[in-house]
Amino acid sequence: PHPLLGIPGERTGETAILSDLFGARWAMHKRPAHLVEPPIKEPNLNTFTFPPVEACFENDWESQVSNFVAEHPDYFILASPGFGIFERTWVLRGFEDMLMDVAVNPEFYCELITVITDHQLAILDRMLKAPLDGILFSDDWGYQEGVLMGPGRWRRFVKPQLQRLYARVHQAGKIALNHVCGSVREIMPDLIEIGLDVLESVQPEAKGMNPYELKSEFGQHITFWGGLGSQSTIPYGTPLEIRNEVGRLISEMSVGGGYILAPAKGIQPETPVENMAALVESFIVQEMAEG
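Numbering-wise (our numbering), the sequence shown opens with residue 6 and increments by one.
In short, the hints are calculated from the structure, not lab data. Keep in mind that the hints are not guaranteed to be accurate.
[Claimed, not checked] Straight-line Cα separation of at most 30 Å, DSS-like style, residue types lysine-lysine; simulated pairs:
| # | residue 1 | residue 2 |
| --- | --- | --- |
| 1 | Lys46 | Lys35 |
| 2 | Lys46 | Lys164 |
| 3 | Lys212 | Lys35 |
Starting from the given sequences, assemble the full structure and let the hints guide the process.
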């Protein structure tokens, strides 16, 4: 079962409540899924038990991966452990209580994110036995203006745990990638320091996340994946503006390597059909040029 949708809940009319493997309850009829009830009500772990690692995988997961790799020998194959360690802290505690823990219960928060990382390392150990090329972590530390808990607290609580995860991936000879939305410009040197190979999303609308400036300052040390504005250019630009921006990304971000062309986020419902067509066409033209 998927670690988010693992255990059925109740469904009434348009309302669907599901429980995940960690005991959190979710409203699935909203976009995105909305946390209804976290499992840890007080800042202690005395009554909480993490799910067994085996429950986080389908029974034939390894064979599915091996078969997919065999069928796609020219693909770069990634797998993801799901919620990142920061995201898991607010899933277990609720977002507001998580932020309060960071500020007024720092010892508990440190314990919480450490044991979450221990659990994810156990998941990683099984994933890394598969014939994968890399692990794509997903952990949204940022919002439009900066790092949610502030760069100082991020460095205290999150950074050392991420370093453990990236190190485990590198020990297996694989690539460490991380999806993160929002502005993480303030902690880019830290991400490079602890061994992140690829930063995915590169949301250009967020503060300090201009992809061309990031490439100029950090491009020798890390690969960027994304950078095409899903909150701006794709839904609200003209088809010509989309084609021009794709062309600029290709010409400027690809210098010296270290760039993967992609929208910063999934294509949003407000995107006009003609913009979607221009986006697909511009990518196809690029693929044909390279082929």
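Verification of the hints:
Between Lys46 and Lys35 the CA atoms are separated by roughly 23 Å; this keeps the pair inside 30 Å, and the hint holds. Taken as a hint, the Lys46 and Lys164 pair is honoured in the structure, with Cα atoms around 25 Å apart against an allowance of 30 Å. For the proposed pair Lys212 and Lys35, the alpha carbon gap of about 28 Å is at most 30 Å, so the pair holds.
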